Amino acid sequence: MTTERKIRVLIAKPGLDGHDRGAKVVARALRDAGMEVIYTGIRQTPQMIAEAALQEDVDVVGLSILSGAHMELFPRIVDELKKRGVDDVLLFAGGIIPEEDTPMLKRLGFKAVFRPGSSTNDIIEYVRSHVGAPA
Amino acid sequence: MTAASNDIEGYIERVLRGERRPLSRVITWVQENLPEGREAVRALFRHTGHAHTVGITGSAGSGKSTLTGTLAREERRRQRGVGIVAVDPSSPFTGGAILGDRIRMQDLTGDEGIFVRSMATRQSLGGLTAMAADVISVMDASGKDIVLVETVGAGQDEVDIARTAQTTCLVLTPGAGDDIQTMKAGIMEIADILVVNKADLAGADILMSQLKALLSYSEHGDWIIPIVRVVSTRGEGIPELADAIDHHREYLERSGKLAQRRLERSRHQIVEAVRAEVMRRYLSGEGGTQLDELARRVAERDLDPHSAAIELIEGATRAG
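Protein chains in written order, with our numbering: chain C, 1 to 135; chain H, 1001 to 1320.
Just chain C, same shape as in the assembly (with noise of 0.2 Å):
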């Protein structure tokens, strides 16, 4: 019987680009690694975001944008998510993201910020010491 915990992730792509190549290759990364990996698919409101992860009570959310919106929709997310009570999801994010934006996604609750060229693996190792699961 498999006694350590499943980490469960929402892969999500907020926004209007319809570029989900990204965000589908982490998101098999991931299952590889043995995690479940709910994933919604293209151009999701922030209010979708913040139901998913509460219906499927996730650990991790990741988002993947490259339209540049990031700066609008990410806080729009985070506080969809503070409204619903989900307050306790490590939340990263990827995609087409300037250096310059960190410092504000950090203040946000965004603690990685992978941008095109990360590896799968740094993901995955984020994601395991993060929620504290046997690596």
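If you're looking for bench data, these hints aren't it; they were derived computationally from the structure. Hints are not guaranteed to be accurate.
Lysine to any residue pairs mimicking SDA-like chemistry, simulated, CA-CA at most 25 Å apart [as the list claims (entries may be wrong)]:
(1) 82(C) with 1113(H)
(2) 82(C) with 1103(H)
(3) 83(C) with 1227(H)
Far from chain C, some chain H residues (derived; all Cβ distances over 12 Å) [unchecked claim]:
(4) 1120
(5) 1204
(6) 1304
Just so we're clear, the structure is a prediction, and the values are computed from it rather than from any experiment. Beta carbons: idealized from backbone N, C-alpha and C, even for Gly.
Got chain C sorted already, so can you dock chain H onto it with the hints?
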């Protein structure tokens, strides 16, 4: 994730009031097979029995998720609270899973009367059916009027889950030759309602007549299995499907079959719970270590599997 005992009571009360965050957390306890989950189910169980449970099964790609989503909306139109349990397979190699059923249920998220939970089959020795039944119970206790359980009709586990439902819908599509294979494999017997999805595709009429012919020479008691034509993406046939489900529920109540099914299901649930409890007692923790050791001896033909099982159980009983 874990909680103290007085905390569990708080969660239980809030689940009974229909609060969603505690509902979600309690389901996690159940999925993780934690003691908190068992305690919660113990307390919640007597508040269950209100929801009508509907299994929706069919082969991969038959459009179950879209169908489940549109059906959920129709049930909402009928003023019912809806729970959805969407089961997807785990990888037998890594234990991971991608749960993508929500992609097809996008427009449900704005409605607080619908609660969707994705579930991976996992390689749980504790039994998927027992776990799924508990998740359904928790949703039931939270006040849902109908719980839709979506599974891929491929393995025994999935068929078993569908069977724990009061009404089982089998989803078929035109042009997929293997649908007839599915029937041969015995899945057909569990269907209370047949759904021909994607009925706008070529071959729908042929499939309809094949199904009618098939039903005409099969034995299914006094319930006449309806065949409902549906185009989920356009919502066509969905009210008829909801009607068929209602009719089946009325039939179950009128004929006394509901009580009979409840009894059968309870029996099945106990057997599953025994299986889960045995697994938990003998194969987790200490037992897991002993299992490795015994497996080595069986592999070396030093011991046969049956004697190994007895050794494991008796060893644990002595230790306990």
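Going down the list of hints, with the structure as the test:
1. Taken as a hint, the residue 82(C) and residue 1113(H) pair is honoured in the structure, with Cα atoms around 20 Å apart against an allowance of 25 Å.
2. Restraint check for residue 82(C) and residue 1103(H): the C-alpha separation of about 23 Å stays at or below 25 Å, so the hint holds.
3. Restraint check for residue 83(C) and residue 1227(H): the C-alpha separation of about 44 Å exceeds 25 Å, so the hint is violated.
4. Here residue 1120(H) does not stay apart from chain C, with its beta-carbon only about 5 Å from theirs, under the 12 Å limit.
5. Distance to chain C confirms residue 1204(H) as a non-interface residue, since its nearest Cβ pair spans about 28 Å, more than 12 Å.
6. With a closest Cβ-Cβ approach of about 23 Å to chain C, residue 1304(H) is found to remain outside the 12 Å limit, as its non-interface label requires.
Hints 3 and 4 from the earlier list are contradicted by this structure; the remaining hints agree with it.
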